[in-house]
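With the hints as your guide, set chains B, C, D and E onto chain A.
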Amino acid sequence: MKIGIADTTFARYDMAKTAADELRRWMSASIQRYTVPGIKDLPVASKKLIEESGCDIVMALGMPGSKPIDKQCAHEASTGLIRAQLMTNRHIIEVFVYEDEASSDKELARLADARTREHAQNVYRLLNNRLTPDAGKGKREGFADEEPVDF
Amino acid sequence: MKIGIADTTFARYDMAKTAADELRRWMSASIQRYTVPGIKDLPVASKKLIEESGCDIVMALGMPGSKPIDKQCAHEASTGLIRAQLMTNRHIIEVFVYEDEASSDKELARLADARTREHAQNVYRLLNNRLTPDAGKGKREGFADEEPVDF
Amino acid sequence: MKIGIADTTFARYDMAKTAADELRRWMSASIQRYTVPGIKDLPVASKKLIEESGCDIVMALGMPGSKPIDKQCAHEASTGLIRAQLMTNRHIIEVFVYEDEASSDKELARLADARTREHAQNVYRLLNNRLTPDAGKGKREGFADEEPVDF
Amino acid sequence: MKIGIADTTFARYDMAKTAADELRRWMSASIQRYTVPGIKDLPVASKKLIEESGCDIVMALGMPGSKPIDKQCAHEASTGLIRAQLMTNRHIIEVFVYEDEASSDKELARLADARTREHAQNVYRLLNNRLTPDAGKGKREGFADEEPVDF
Amino acid sequence: MKIGIADTTFARYDMAKTAADELRRWMSASIQRYTVPGIKDLPVASKKLIEESGCDIVMALGMPGSKPIDKQCAHEASTGLIRAQLMTNRHIIEVFVYEDEASSDKELARLADARTREHAQNVYRLLNNRLTPDAGKGKREGFADEEPVDF
Chain A
2 MKIGIADTTF ARYDMAKTAA DELRRWMSAS IQRYTVPGIK DLPVASKKLI
52 EESGCDIVMA LGMPGSKPID KQCAHEASTG LIRAQLMTNR HIIEVFVYED
102 EASSDKELAR LADARTREHA QNVYRLLNNR LTPDAGKGKR EGFADEEPVD
152 F
Chain B
2 MKIGIADTTF ARYDMAKTAA DELRRWMSAS IQRYTVPGIK DLPVASKKLI
52 EESGCDIVMA LGMPGSKPID KQCAHEASTG LIRAQLMTNR HIIEVFVYED
102 EASSDKELAR LADARTREHA QNVYRLLNNR LTPDAGKGKR EGFADEEPVD
152 F
Chain C
2 MKIGIADTTF ARYDMAKTAA DELRRWMSAS IQRYTVPGIK DLPVASKKLI
52 EESGCDIVMA LGMPGSKPID KQCAHEASTG LIRAQLMTNR HIIEVFVYED
102 EASSDKELAR LADARTREHA QNVYRLLNNR LTPDAGKGKR EGFADEEPVD
152 F
Chain D
2 MKIGIADTTF ARYDMAKTAA DELRRWMSAS IQRYTVPGIK DLPVASKKLI
52 EESGCDIVMA LGMPGSKPID KQCAHEASTG LIRAQLMTNR HIIEVFVYED
102 EASSDKELAR LADARTREHA QNVYRLLNNR LTPDAGKGKR EGFADEEPVD
152 F
Chain E
2 MKIGIADTTF ARYDMAKTAA DELRRWMSAS IQRYTVPGIK DLPVASKKLI
52 EESGCDIVMA LGMPGSKPID KQCAHEASTG LIRAQLMTNR HIIEVFVYED
102 EASSDKELAR LADARTREHA QNVYRLLNNR LTPDAGKGKR EGFADEEPVD
152 F
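Residue numbers (this note's numbering), protein chains in the order written: chain A, 2 to 152; chain B, 2 to 152; chain C, 2 to 152; chain D, 2 to 152; chain E, 2 to 152.
Just to be clear, a hint being listed does not mean it is correct.
Intra- or inter-copy, both count: the list cannot distinguish identical chains.
Under the rule of at most 30 angstroms between Cα atoms (straight-line distance), these lysine-lysine pairs were calculated in the DSS-like manner [as the list claims (entries may be wrong)]:
#1 Lys-18 / Lys-107
#2 Lys-3 / Lys-18
#3 Lys-68 / Lys-3
#4 Lys-138 / Lys-68
#5 Lys-107 / Lys-138
#6 Lys-107 / Lys-140
#7 Lys-107 / Lys-68
#8 Lys-140 / Lys-72
Simulated from the structure, these hints should not be mistaken for lab results.
Just chain A, with the same shape it has in the complex (with noise of 0.2 angstroms):
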């Protein structure tokens, strides 16, 4: 299994080191890691990471801002990196963290770094075809998870 780690400098916090550091606690897999600018550079580096360095699946990780400009910028990458997993057929996992989605710079870090941790056991399970038994119970990545409905 190789899997890839794209992220950006734009991003805030490191985490690719923290992506890197989780998915080691639970495979052996080799990592490649792939730093492009920003959130906008993903899709094409995921799909790179994808096609030209044989990753059998990514995380595309980034932190947009808070502004207008930012969350359309945020659209465009998830756009994007939709479409590069429709070009390969393989899963690139989306981390991004919204700078206002936290109250302060220390919460920002802990956000990024729980939700990066809980996707890396996302991208394990997901490849071992393990997600089924928590399908429908309401996971929330980073934040507590939801309760699951029922009537």
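Just chains B, C, D and E, lined up with the frame of chain A:
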């Protein structure tokens, strides 16, 4: 016939179980289930179900949250699901239930169950070319139908 | 000539019947009808009509609801219809009637009927390269035309 | 050189006639005109002009209305025009005049005429690689140019 | 190494000259410049620079205006630039400066110059795989960097 069901750990109701249960009421198809973290992972999951697992049609089940970012995610996922269909010439029936469509947890579960069942029936009828009798009839999945109009 | 008509069970008026009726007033084409649940299913349905049923052109008929989510669905469907056209080099004439374009059920039915008929005429004229005489003339389908402008 | 002109019956000014008139002032190209109902039909029309009629470049002319739905249509059309360019490696120069850019019918006609002419000149200069002398000069089509800035 | 620079006549500052000047400070690459009318023409221009002129990477330079329609154009252009990258597996570094990011003409020119230079440095470092040391460091192009966060 092989039917794919793609679902998420983000959702708060096990819509895939409902879908499989309802499908079995109408047909004896082979069902393949594939669980991913969130709705943005559904497009490639659905495409893999079609191209790698040989499914003839896919149900893509998700429950977007109520925040603006969740609606944007749903928009990106929907766009990707349409693209995946165009790339494969296969239908992917999107069954999304927005958390803010219901005013209580119980109602949310009920809505998710009802919409999933009605779309499972759509899958059966679509595969057998039996939807034309209801064309233009104001059909709604999960809520009461609308009245057809005339002049 | 083979003309595809894709329509939905969501719509509240049988636009496909109107379309076929009007087309037959102008030409003796073979008509293939394909009904799907909602407008987001129209792009792949139209592409299948072109690629699998050999249609030369398709009319994609839908009636988006009046809620914000319905408008987003229409946007996604329209984007998909354009993509399907670019993938096939065939025209897909989108005929969408928004529920909130009319102030009563009667008016909605009348509008759906009129717009569908005028677009069926467009299909005939487009296939025969006869639209240029009306270029720049402010044509509107379903409502009164606008005046051309000059200086 | 063969130049395609795609226009609509929805527009309220015969922009194609203006485009052809202006193009002939600068070059002796063969011109192919193709009229469709509305701006959302322009992407595939432009692609057909390139791929089926052998055009080297296309002008896509349209006049979106002033309602929100018209702006969304324009957004979808523009997205499709860019996609068509990427699929063909040919330029499609979009000339859209929004009805609400002008405060009177006369002004709207004047704007449509002026913008079309200036973009026809762009087509000529783009084909001959002559736009670089105006790079960064604040050029505007149809309105007065902006001043370049410096520090 | 061959670097493409795509720019526009719409911009109010000669960002391409700045880009070439800065690139030459770091590397001795061959530079190919291609000027188009506006930002929506940049995606196909960039793709042509890659596929027809053999560029290894492209800088796409533009200066969107401050009106809502300009922001929509920028969104469409960005989406197209990402799509072009995915079709070619080459990076296209988007350098967009929004007119309303600056409060005076002088500041706008300064911002365009600074952002272009910093992105030219990104191009050099990206080509040489040297961006990882700055990953997660809150880098901003044209404005002061943000502080990294920790917990």
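Evaluation of the provided hints:
no., hint, in the structure
1, Lys-18 / Lys-107, "within (17 angstroms within a copy, 40 angstroms between copies)"
2, Lys-3 / Lys-18, "within (16 angstroms within a copy, 32 angstroms between copies)"
3, Lys-68 / Lys-3, "neither (35 angstroms within a copy, 35 angstroms between copies)"
4, Lys-138 / Lys-68, "between (32 angstroms within a copy, 19 angstroms between copies)"
5, Lys-107 / Lys-138, "both (29 angstroms within a copy, 15 angstroms between copies)"
6, Lys-107 / Lys-140, "both (23 angstroms within a copy, 18 angstroms between copies)"
7, Lys-107 / Lys-68, "both (20 angstroms within a copy, 23 angstroms between copies)"
8, Lys-140 / Lys-72, "both (23 angstroms within a copy, 17 angstroms between copies)"
Hint 3 from the list above is the single one not met by this structure.
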